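*Asks:* Which chain is which? The protein sequence lines are H and E, in order.
Read in order, the letters of the first sequence are residues 4 to 564 in the numbering used here.
Read in order, the letters of the second sequence are residues 2 to 166 in the numbering used here.
You may find that some hints are simply not true.
Pulled a few chain H residues facing chain E out of the computed Cβ check, cut under 7 Å [claimed, not checked]: (1) HIS129; (2) THR227; (3) PRO306.
No lab work stands behind these hints, which were simulated from the structure alone.
Please read all numbers here as calculations on a predicted model, not as lab measurements.
Idealized CB from N, CA, C, for every residue including glycine.
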Amino acid sequence: MKKTGAEILMEILKEEGVDTLFGFPGGAVIDLYDALMRSDLRHLLVRHEQGAVHAADGYARATGKVGVCLVTSGPGATNTVTGIATAYLDSIPLVVITGQVPTQLIGNDAFQEVDIVGITRPCTKHNYLVSRVEDLARILKEAFHIARSGRPGPVLVDIPKNVGQAVTDYAPVGPVSIKSYNPTYAPNIKQIHKAVALIRNAKRPVVFAGGGVILSDASAELTTLARTLQIPVTTSLMGLGGFPGTDPLWLGMLGMHGTYRANMAISHCDLLIAVGVRFDDRVTGKTDCFACNAKIVHIDIDPTSIRKNIAVAVPVVGDCKHSLTEINQVVEEQGLGRDSEKHATWLEQIDTWRKEHRLSYRQQDVIKPQYVVEKLFELTRGDAIVATEVGQNQMWAAQFYHFKRPRQWITSGGLGTMGFGLPAAIGAQVAFPEAVVVDIAGDGSIQMNIQEMATAVQYGLPVKVVILNNRCLGMVRQWQQLFYDKRYSQTLLEQGPDFVKLAEAYGAAGLRAVHPDEVETVLAKGLATAGPVIMEFLVDNEECVYPMVPAGKPITDMLLV
Amino acid sequence: MKSEKHTLTMLVDNEPGVLSRVVGLFSGRGFNIDSLCVAETMDPKVSRITIVTQANPLLLEQIEKQLRKLINVVKLREMSDDRAVRREMALICVHARAENRDEILRLVNLFRAKIIDVASNYYIIEASGDADKMTALIGLLKPMGIKKIARTGTVALYREPKRGI
Ligand SMILES: Cc1ncc(C[n+]2csc(CCOP(=O)(O)OP(=O)(O)O)c2C)c(N)n1
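Full structure from sequences and hints, please.
*Replies:* As structure tokens, then:
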């Protein structure tokens with residue numbers, strides 16, 4: 004059948020199960036948009052291409068599906084870079100389609116030409132420039148396959164204008180096979196037995212789970228392992244929701260702003276079972292001191308994650324879900340779960356640490372940001388999908404909202420991208436129109452993609468933005484306060500907008516709380532409002548996130564409240 | 002941990018941008034490149050890249066894993082030990098004064114090199130061999146006046162024709 008490149012694109016999107024895309028048009032993609040009009044795909048017109056990528060990313064994180072966006076060449080393409088890098092560092096499956104100038108003009112500094120394939124090479128899992136329409140279908144199929152398989156990631160496909168226009172004989176392409184790309188899902192069974200042998204002999208084990216557990220949908224298997232063997236669990240920022248935040252075995256998050264008991268447990272454990280993590284420096288602190296009394300089992304689908312930062316006793320290359328299933332099976336065969344009292348002393352020790360230093364704050368006459376998050380947790384019964392911006396707001400959300408399930412927590416962990424939360428919340432809300440979706444924000448970050456309020460309003464996406472307004476770039480200010488003698492260089496946002504009026508200007512609802520006793524009312528009212536809402540909370544501007552491990556220090560060197 | 006020279010050979014898709022992916026990986030991750038050689042193989046869809054790098058064992062493991070992770074890298078092998086042969090080539094333009102010509106010819110024969118261009122007072126010598134041999138030859142020619150020099154990186158091949166790459 005004869006089809007244009009643009010029509011082939013629509014065809015493949017449908018074939019790949021895509022129903023929604025996020026984008027912003029321009030000259031180079033006008034043909035693609037024209038074909039889009041004739042398809043039954045849903046397209047959300049964002050207000051900035053960065054917003055399109057974050058929205059697709061939020062959609063992907065909330066659903067586990069591949070997020071898709073479509074943007075024009077040149078500035079449209081460069082505007083996606085931060086979004087792509089954000090998804091890359093958190094291993095989120097995206098297919099980003101960019102328009103390109105016609106092939107005959109490539110290399111000519113043509114109008115709106117930029118070498119986006121060159122620019123995004125180091126921040127995509129893979130990328131393509133489609134130079135012939137005959138290759139388009141295969142490349143698109145490969146792009147989806149690469150984005151979602153193995154360790155997921157963003158893939159960019161750059162389509163020159165004339166390739167979208169060109170007509171070719173289209174025949175559906177078969178299943179993708181790329182000879183040099185075969186991710187290892189099934190773990191080596193010998194390694195599984197070695198891991199179980201360590202588990203059997205451990206006296207003070209800890210499970211440390213990361214984003215890989217969420218990505219591979221392994222949370223049930225992880226929970227089984229922990230509960231069967233009574234092993235306490237901590238997660239990285241990316242792993243939150245991978246283990247129920249209300250379980251007695253839950254240690255809280257570890258690392259720079261981890262809980263006292265999680266960091267202590269890591270430092271005293273004799274076995275660390277690390278699943279789907281990459282030992283980021285925000286987690287390990289000084290690596291020489293990280294889990295230095297422990298043997299480490301490290302399960303990850305990406306071999307480059309293993310032995311990159313931390314030496315391990317038993318590496319297991321494989322999908323987290325596959326590997327945990329195998330481990331659980333061997334554990335059961337060997338009857339290891341029967342001795343449930345085995346780790347009683349260890350769990351008691353952890354409980355002592357818990358009592359010594361809990362996450363805490365004192366609500367006085369100004370609103371404490373933690374209080375807002377705690378109240379939000381109560382009022383939403385812990386069921387909301389929570390996106391965040393970056394900074395203190397993100398850390399307080401991580402500490403005080405207790406996540407029940409995977410894919411409920413949507414945050415830019417690896418890149419730490421301010422401006423991520425609002426568009427990501429929009430993407431999640433598109434996927435789950437009935438869910439309560441909240442963006443916990445700072446007054447700095449929210450202004451980086453505030454224009455997406457218009458998108459939320461246009462499409463009736465009732466996202467709730469909770470701004471913890473401390474009139475500063477709080478997290479940077481915190482570092483200056485603690486380590487730079489309170490020299491607040493360029494971190495005080497002396498002039499902010501009136502967020503209530505701003506909400507209203509976009510056609511959303513705006514609410515504000517100034518006193519602690521207004522917090523609950525504003526939250527309740529905001530959550531009960533049908534459409535998108537901005538709730539602004541004027542919070543203590545000197546509050547810091549604790550515990551805090553200064554960068555590069557051992558994770559037991561915690562500054563505590 | 003001791004840092005040593007390692008020769009890595011890979012077969013890659015012969016497509017635009019692939020070399021840049023490989024080289025970008027090295028620069029982006031702070032890996033070092035001592036030398037680099039690229040050319041098509043018998044199969045025009047496949048190129049062979051040979052890189053000499055300096056790394057300790059842990060870093061080498063990372064480099065190899067990262068390279069294997071590139072979608073366009075089809076095969077990768079370390080070729081640092083005796084199971085592989087390694088060669089470099091150099092074109093050396095040397096000052097050929099009358100009193101030095103005999104010595105130059107002697108060296109050329111000794112090193113199994115060739116003179117491939119002769120001008121009134123310059124020779125261009127073509128030499129190939131392992132890195133040590135090249136360094137030795139250049140060292141001996143230097144006193145006579147090397148005008149310019151063009152060297153390739155290392156290329157390498159595994160001795161067993163059937164196995165590996
Ligand atoms: C795009 C971007 N620029 C700069 C930073 C550095 N940074 C990290 S946290 C932070 C402060 C964020 O301020 P705000 O959004 O008000 O949040 P708060 O920390 O006050 O909760 C900054 C500037 C960043 N993470 N992202």
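*Asks:* Hints numbered earlier in the text: which of these fail when held up against the supplied structure?
*Replies:* 2
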